[in-house]
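Using the sequences provided together with the hints, build the complete structure.
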Amino acid sequence: NAGVMQNPRHLVRRRGQEARLRCSPVKGHSHVYWYRQLPEEGLKFMVYLQKENIIDESGMPKERFSAEFPKEGPSILRIQQVVRGDSAAYFCASSATDRGSYNEQFFGPGTRLTVL
Amino acid sequence: EDKVVQSPLSLVVHEGDTVTLNCSYEVTNFRSLLWYKQEKKAPTFLFMLTSSGIEKKSGRLSSILDKKELFSILNITATQTGDSAVYLCAVGSGGTSYGKLTFGQGTILTVHP
Chain F
2 NAGVMQNPRH LVRRRGQEAR LRCSPVKGHS HVYWYRQLPE EGLKFMVYLQ
52 KENIIDESGM PKERFSAEFP KEGPSILRIQ QVVRGDSAAY FCASSATDRG
102 SYNEQFFGPG TRLTVL
Chain V
24 EDKVVQSPLS LVVHEGDTVT LNCSYEVTNF RSLLWYKQEK KAPTFLFMLT
74 SSGIEKKSGR LSSILDKKEL FSILNITATQ TGDSAVYLCA VGSGGTSYGK
124 LTFGQGTILT VHP
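Chains as they are written, first to last, in my numbering: chain F, 2 to 117; chain V, 24 to 136.
Simulated from the structure, these hints should not be mistaken for laboratory data. Honestly, I wouldn't trust all of these hints.
With a straight-line cut-off of 25 Å between C-alpha atoms, the simulated SDA-like cross-links for lysine to any residue are [as the list claims (entries may be wrong)]: (1) F:Lys28 x F:Glu58; (2) F:Lys52 x V:Glu38; (3) V:Lys64 x F:Val84; (4) F:Lys45 x V:Gln128; (5) V:Lys60 x F:Gln38; (6) V:Lys26 x F:Glu41; (7) V:Lys60 x F:Met6; (8) F:Lys52 x F:Arg23; (9) F:Lys45 x V:Ser107; (10) V:Lys26 x V:Gly82; (11) F:Lys28 x V:Thr67; (12) F:Lys45 x V:Gly76; (13) V:Lys91 x V:Glu24; (14) V:Lys26 x F:Ala89; (15) V:Lys26 x V:Gly76; (16) V:Lys90 x F:Gly43; (17) F:Lys45 x V:Leu93; (18) F:Lys45 x V:Phe94; (19) F:Lys45 x V:Leu69; (20) V:Lys91 x V:Thr51; (21) F:Lys45 x V:Lys60; (22) V:Lys60 x F:Ser88; (23) F:Lys52 x F:Arg85; (24) F:Lys45 x V:Phe68; (25) V:Lys26 x F:Pro40; (26) V:Lys64 x F:Phe107; (27) F:Lys72 x V:Leu93; (28) V:Lys90 x F:Glu105; (29) V:Lys64 x F:Gly86; (30) F:Lys45 x V:Pro31; (31) V:Lys26 x F:Met61; (32) V:Lys26 x F:Lys28; (33) F:Lys45 x V:Leu34; (34) F:Lys63 x F:Gln51; (35) F:Lys52 x V:Lys90; (36) V:Lys64 x F:Glu19; (37) V:Lys63 x F:Asn8; (38) V:Lys60 x F:Gly29; (39) V:Lys60 x V:Glu49; (40) V:Lys63 x V:Thr43.
Shown next, in the form of structure tokens:
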């Protein structure tokens, strides 16, 4: 019974490089959410995706950040030209298709991004 | 803007004590309130509450929601050192984005032997 999987668990990048974070939802879940947790802060919503669609990206920074959830394969959060302020833990969550379950989200272990 | 506030921000108790964690919220299109436990890894789901006044229990943990006063409490009885963690409250809102969760800043609970 695999839960949400994320990889890599730890990622180190130098300023200006690209970071790609991957998330595989719980089997049978087609809704994926990305959250960011900055040091000493709570979890902040970034984006909500269904297969091949972005439903809500109101929490995504306007530049350098993008997300996708293709028909096949994991969801990807991509950060271009990383800066030190992007250092954080990035969590992915998934939920089932039943509308009553949208908010019942199960979280992955997170990817800890460090920008040098 | 949706807002979730937890109190206290941190709490130190001894094993066997009972603790109450608070969560108040202001959101549009409220759908549900969730509690998570976060140790040094993924937040672990505890409860989801949608109806006022109905207590949810799981072992030594229980939670209740008051939709009129816009708050929830999480109780932990007979605390153990393994209960030490950050407890997160989140509110799910509806509208065009059914899935979005707005989190509070968390309560850091430390249980000493």
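Hints versus structure:
no.	hint	verdict
1	F:Lys28 x F:Glu58	23 Å, holds
2	F:Lys52 x V:Glu38	46 Å, violated
3	V:Lys64 x F:Val84	24 Å, holds
4	F:Lys45 x V:Gln128	10 Å, holds
5	V:Lys60 x F:Gln38	15 Å, holds
6	V:Lys26 x F:Glu41	18 Å, holds
7	V:Lys60 x F:Met6	18 Å, holds
8	F:Lys52 x F:Arg23	15 Å, holds
9	F:Lys45 x V:Ser107	23 Å, holds
10	V:Lys26 x V:Gly82	29 Å, violated
11	F:Lys28 x V:Thr67	18 Å, holds
12	F:Lys45 x V:Gly76	28 Å, violated
13	V:Lys91 x V:Glu24	19 Å, holds
14	V:Lys26 x F:Ala89	22 Å, holds
15	V:Lys26 x V:Gly76	22 Å, holds
16	V:Lys90 x F:Gly43	23 Å, holds
17	F:Lys45 x V:Leu93	21 Å, holds
18	F:Lys45 x V:Phe94	20 Å, holds
19	F:Lys45 x V:Leu69	19 Å, holds
20	V:Lys91 x V:Thr51	14 Å, holds
21	F:Lys45 x V:Lys60	16 Å, holds
22	V:Lys60 x F:Ser88	23 Å, holds
23	F:Lys52 x F:Arg85	31 Å, violated
24	F:Lys45 x V:Phe68	17 Å, holds
25	V:Lys26 x F:Pro40	19 Å, holds
26	V:Lys64 x F:Phe107	13 Å, holds
27	F:Lys72 x V:Leu93	39 Å, violated
28	V:Lys90 x F:Glu105	18 Å, holds
29	V:Lys64 x F:Gly86	21 Å, holds
30	F:Lys45 x V:Pro31	20 Å, holds
31	V:Lys26 x F:Met61	18 Å, holds
32	V:Lys26 x F:Lys28	31 Å, violated
33	F:Lys45 x V:Leu34	23 Å, holds
34	F:Lys63 x F:Gln51	20 Å, holds
35	F:Lys52 x V:Lys90	33 Å, violated
36	V:Lys64 x F:Glu19	24 Å, holds
37	V:Lys63 x F:Asn8	16 Å, holds
38	V:Lys60 x F:Gly29	24 Å, holds
39	V:Lys60 x V:Glu49	22 Å, holds
40	V:Lys63 x V:Thr43	22 Å, holds
Hint check: violations occur at hints 2, 10, 12, 23, 27, 32 and 35; the rest are consistent with the structure.
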